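Chain order of the listed sequences is D and L.
Okay, so the first sequence: first residue is 1 according to my numbering, each after it adds one.
Okay, so the second sequence: first residue is 1 according to my numbering, each after it adds one.
Keep in mind that the hints were calculated from the coordinates and are not lab data.
Please note that a few of the clues may not be correct.
[What the hints assert, rightly or not] Taking lysine to aspartate or glutamate and the DMTMM-like style, the derived pairs with C-alpha atoms no more than 25 Å apart in a straight line are:
hint, chain 1, residue 1, chain 2, residue 2
1, L, Lys85, D, Glu387
2, D, Lys355, D, Glu406
3, D, Lys84, D, Glu30
4, L, Lys85, D, Glu183
5, D, Lys415, L, Glu231
6, D, Lys368, L, Glu68
7, D, Lys214, L, Asp293
All values reported here derive from a predicted model rather than from experimental measurement.
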Amino acid sequence: MSFKKLMATGMLLSAIGAAAQAQSLVYCSEGSPEGFDPALYTAGTTFDASSHPIYNRLAEFKVGTTETIPGLAESWEVSEDGQKITFNLRQGVKFHSNDQFTPTRDFNADDVIFSFERQGDDENPYHTVSGGTWEYFNSMSMPELIESIEKVDDYTVVFNLTRPEAPIIANMAMDFASIQSKEYADAMMEAGTPEMLNQAPIGTGPFTFQAYQKDAVIRYLRNDEYWGDPAKVESLIFAITPDASVRYQKVQAGECHIMAYPNPADVQDMQDAEDIVVMQQEGLNVGYLAYNTKVAPFDNANVRKALNMAVDKQSIIDVVFQGSGEIAKNPLPPTMWSYNDAIEDDAYDPEAAKKMLEEEGVSDLTLKIWAMPVQRPYNPNARRMAELMQEDFSQIGVDVEIVSYEWGEYLERSKAEDRDGAVLLGWTGDNGDPDNFLAVLLGCDGVGGSNRAQWCNEEFDALIQDAKVLSSQEERAKLYEEAQEIFKDQAPWNTIAHSVVFMTMRPEVEGYVVHPLGGHIFNQVGLSQ
Amino acid sequence: MLNYILGRLLTFIPTFIGVTLISFSFIRALPGDPIQVMAGERGVSAERYAELSAQYGFDQPIYVQFWEYLTGVLQGDLGNSFVTKRPVWDEFFALFPATLELSLFAMIFAILLGLPAGVIAAVNRGKFFDRALMSTALVGYSMPIFWWALLLIIVFSGNLQWTPVSGRIDLLYYFPNPTGFMIIDSLASGQEGAFTSAVRHLVLPTIVLGTIPLAVIARQTRSAMLEVLGEDYIRTARAKGLSPGRINGIHALRNALIPVITVIGLSVGTLLAGAILTETIFSWPGIGKWMVDSIFRRDYPVVQGGLLLIAVMVMIVNLTIDMLYGVINPKIRKR
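Whenever a hint applies, use it, and build me the whole structure from the sequences.
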């Protein structure tokens, strides 16, 4: 080959390369997914790689909100008594195909029934495949809630519930409720490789799975038969890059278009950089200090309020979150519907706090603060946070001892009703429903469990229980707003912070929306030329 | 020689059982219950806890658990990861070639630079060159890997744009990886530029991972050379009028190599298990990060299986080193 020809071929090849690259969106992700069957797992990293690109659910969250919209179900009706939900399924939805499988039929009711039965029914052959423990299905109380699932016809499915439960529609939009192909499952069972459901996923989503190399790369191709708006790019690539500084270097060097979870320390630099775009939003989480309201003198709301007034939350935000957090005044995050913005936080006022304690006849108070041993979005450094609180409390004469345990122990011991001390902990929302925060973390049922304040307030609990069975979101919101007032007045927690989520990208990325539920969704993301 | 190797192989058996026991107890000795850790803030009910315990076999007495593990190991079954639910064996061998490839290159880099540096420093003992080399080696030895890696990335990938930031190959290339060694697979793929891309991706991680062994080898070579250079037979060789090149390169170096090879052997073990930081920073899909993640998640099967396999690899490397002694020093072979 002559030199000229070689040059020409080289140029052509690089042009093709550039064209191919222009249609590939590269996302620098923070870690490997645990697998590709979302029902088996609980980590957001796994959902980013599985449920969002590959699968659909009966209902979906509208990207950028916590609202539910129709997905594989075009519509649904809830019966008068709230215990029967009829889903009308979308017709003409195609499943993906791969080397081992080509679907012979469209999505229908059998797929819906299979997707739930394998999680709840011990008899289902897929119940134990891939060591299934179905954590989310269980922790959202689905086994107790679903009495039966009935197929009325190919495109109508009825869920019979044991009790009315308004958040069930939001649950249907959660990752564990992703719809699998029964036909694929049967074919793989017959071939003796049922674990392929988890390793070579088949869904109905906007991208088809192409290849995965653990800790290196995941590749997807656009699903040209997608029932909804087709994806904007031809291929989607996850470049797995665990180190946050390296992710940023890759975005700068053009090796990635977009990345999540930047180092808080880098954010300022990113915002100043000309060719980098940074988006931000409050995360769907809350970090709190839960007093043990069953132990004197913390059973007195005024004592708790006084303690809350002694903590300088702004310095916690500055020191512990380094700007990647926002002061929390409610147990709900601000992106959640029914967030009561009219509530005023207890002002930081050590003098008033001291006086209040004296009025309550409390002196020489000692308090243990439990500091978590792990990093969480809602609390990046619990030890440091506890130290700052220790200093604040010493200003009002309260002596603080900081304790900590290994994470598993910490979670277990902090549940005890006679626990000594106040616990630093937090919560990240699952389904965007206020019930998922207020009932789980503060309801009477949670005492001795997820209700770390051991706080059971009848008035508050009645509101939460009433809201659970109403189907109108507007009416539910009113009850939750009222509940937040009682919470503030009774102060079982000191609400500390919501994290702020940052997303860093190159300027050619178009159409990215930060999703309050924490997922990273690229279905409608494109690249400008 | 054959008897020697067989003898060495026999010592594998107690070591193997010891490692199995230690890796099994090590992860269980750490505080923290894997079920609680998996459940996180969400928590788990008492009934569910009992169900999961039974599923993972935690309800059995500890000696029964160990016996089941041991019989599994002997049948080549290391169990499934609690997290990914996939066989430990499959995960290890999917990731191990990446670690091995990087470790090999780092070792070659360290030996190619470390040996000559040590020899040159010893020959020029006390002179400027010696001091410069040895202080550089000390700096290399004490360099925090994390900082060193980021510095190289910022300079060579960020500012100069000579090397890619991380990964094993440009994402544009997509081909099967039958061997798991990117260098080989990229050549075999026949895709233009794939091999070059794989090599370019290897440069920085090789330097970072090779820096500490390089420093250790250079220092060890220097001190071993100095010792040998003081021996009578070297003086005799000098008196005979042999050229300095022949004295240093053949008579002295060959005898100085034994302790150097020991150090190299020990470093290979450290490299295999210790590539954690390098792998994390360069998004290198190897076993280092896999092991660390599984310790934090209390993923018992991965920790105990991974430790066992790494130990076996180190044992194999040590055996190879022992055989090398025999090649270099006939006295050992004949013993």
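- Determine which of the earlier numbered hints do not hold for this structure and return their numbers in increasing order. 1, 2, 3, 5, 6
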